[in-house]
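Peer 1: The numbers in the numbering used here rise by one with no breaks, and the one at position 82 of the sequence shown is 1379.
Note that these hints are calculated values from the structure, not bench results. Here the structure is a predicted model, which is why all the values come from computation and not from measurement. One or more hints might be untrue.
Heads up, simulated SDA-like pairs for lysine to any residue below, C-alpha to C-alpha not over 25 Å straight-line [to be verified]:
{"hint": "1", "residue 1": "Lys1299", "residue 2": "Lys1311"}
{"hint": "2", "residue 1": "Lys1401", "residue 2": "Ser1418"}
{"hint": "3", "residue 1": "Lys1299", "residue 2": "Asn1341"}
{"hint": "4", "residue 1": "Lys1299", "residue 2": "Ser1376"}
{"hint": "5", "residue 1": "Lys1311", "residue 2": "Glu1402"}
{"hint": "6", "residue 1": "Lys1311", "residue 2": "Phe1379"}
{"hint": "7", "residue 1": "Lys1335", "residue 2": "Ile1352"}
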Amino acid sequence: MKAPECFYGTQPFKVRSFIQFCQLIFHNDPENFSQDRKKVLYANLVLIFRAAEWIEPYLSNLTNQDPDYLLNLWILLESQLFTLFGDPNEFRKAEAELDSLRMKEGGHVSLYKADFRFLVSRIGD
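Construct the complete structure from the given sequences, taking the supplied hints into account.
Peer 2: Put into structure tokens, the structure is as follows:
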């Protein structure tokens, strides 16, 4: 599997796809990514620009073995990426889009269902 695209931290809509791509890699290769620290360090390889500037102070303390330290806990890195670089209005936007979602005349049910599932996934996170 190829590596994820570099994550700059400048486009909020790319946070989710970056994390999902990393998760696919981890799931596809569980032997190499059996520990959270390995997942976090792997993801750090493709953080650049603002995202790299944010993570840099943590990388200077690679020896920290505290289980709650950012570099040792994938869920914490994931959460921080969403908080710092994601769209703070994603939930509200998805709710509004879901409220206004309509089956287009002559449209396909499968497209409506796909849009519906996509929006519900944004609200459920």
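Peer 1: Among all the numbered hints in the text so far, which are the ones the structure does not match?
Peer 2: Failing hint: just 5.
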